[in-house]
Amino acid sequence: MSRTVKRADYFHLFAVAGILFLASSLNSYAADAAVQVQLDVNKAGPRAVESLTERGILRDYRFAWSSMAQALQFNTLDSLEGPFSGQARQWLRQTVTSQQQSGLSRRYSDQSHHLEAVFYAPEGDVIELHDTAQYHLQILDGDKTILDENVVVHYVVLMTPGADRWTIRQLQAVPQF
Amino acid sequence: MTRLLRICAATYLAAACVGVCAAQDLHIPESPAAGQEISISTSGSGKATFYLTGPGVSRKNDVPLGEDIHLAAQDLRNAGHYVAILCSDTCKSASFYVSAAKPLSLTFLVHPSRVPVALHDAISGVAFPFDQYHNLVLAPVNVNFQLNAKEASLFSRAVRTKNGVAWFRTPSGKSAGPLQVTAALDDVTARRAVQQVASDPCNLRITGQRTKTGILVQTEPVHDCAGNVLPDGTIVTFTATGPHGKGTVDAPIKQGVARAQMDSTGVAVISAASGVVMGNEIRVEARP
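Keeping their order, the protein sequence lines are chains A and B.
Just so you know, we're using the numbering used here here: the first sequence kicks off at 899 and counts up by one.
Just so you know, we're using the numbering used here here: the second sequence kicks off at 2 and counts up by one.
Any given hint could turn out to be false.
What the hints assert, rightly or not - Okay, derived cross-link-like pairs now, DSS-like style, lysine-lysine, Cα gap no bigger than 30 Å in a straight line: (1) A/K941 x B/K103; (2) A/K1042 x B/K93; (3) A/K1042 x B/K61; (4) A/K941 x B/K163.
Hints are computed from structural coordinates only; laboratory data are not their basis.
Isolated chain A (complex conformation) (with noise of 0.2 Å):
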């Protein structure tokens, strides 16, 4: 009898553990799929950009955005460790803690970016890009929302590459390139 109970318990760990991943996964891969990237390599130089290189970089700028996304909604840290590094962790860590003090959160739904590789470093070091990015941008005081609209910003973006993956290291909106 009591080895059937825990046999019942232990299935319903699994199923309910099992349960869990699969949200949590469907989550990210739901978030990551609202965030459209089109990378234009075309006027990347010196170096040209390898296609294995092109789709590393459009994986990892899109799963940063949804990352940030995540981050400045619910002013969170932990998924801003993995995509984001030097200055923009940085900025982004301090937006956090500000808002978390301030009792304001920011929400970018609908993203769509377009960005445009205009300098790729001999050695393959450091790339930098023009992120064309229209989303819509709401501005919330605890529930109250303070700003609403859909906004085109341009970012200029500095990315480099890891161990296994291109991270955000300079994320710079300018009034245009």
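Once you've looked at the hints, dock chain B against the given chain A.
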């Protein structure tokens, strides 16, 4: 009737007051630089809540309408897109951009750290100017690149940044030794070192003699074609071919010479190679 008129007048005045109180607006100076203090002027009367959101900042405080809102240097340290929002009954917003301040540091990437001499397009450098708050300076500036070996200048070029980056690529020099690579922008200088080492060996020659335990083979001092001694640790592969087959020994160059002891009692033909360069062949007779 009089009472009705009084109520109407009071209602009108209240509505007018709400209209005035809600007519808040804000005016932001154009393109402030990072770390610059600015004042945002507001119009209207009464009280409102002011919000500032941007990279690294999320601020909320109550302000009296009609007075200036002072933003400290600390609020605008990061270049980027900011949104100022003023809320009373309704919210009004204005967005603005903060640009980088003047350059105060250079991020300078140089490759490789060790390079063979006389190699085409072997050394490259990339420089990014940043301001004191680590914002990328996108306004074009001149970066002076210099390569110096001992007292001699190998390369000097001023490159104007485009999209916040300047770069160069150049051949390596002809002499082995340290090379100092410098990027300078006004008073800001970044230095890196590149070690130039000898290129592939030229005329790899070996000698050999039979000893009690086998054959001792060694190279003559190994140089590249420009006369630079090959660095210690460069591998020379000795191959001995005899009646019993083939044997191979790898030996590192030490003070210009590579040595190896090979086991062979019979006649042996010994050759040497380093990288893609082949040396001469020698024949060592069998032990008497």
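query = Going back to the hint list, which numbers does this structure go against?
reply = Violated hints: none at all, because every hint is consistent with the structure.
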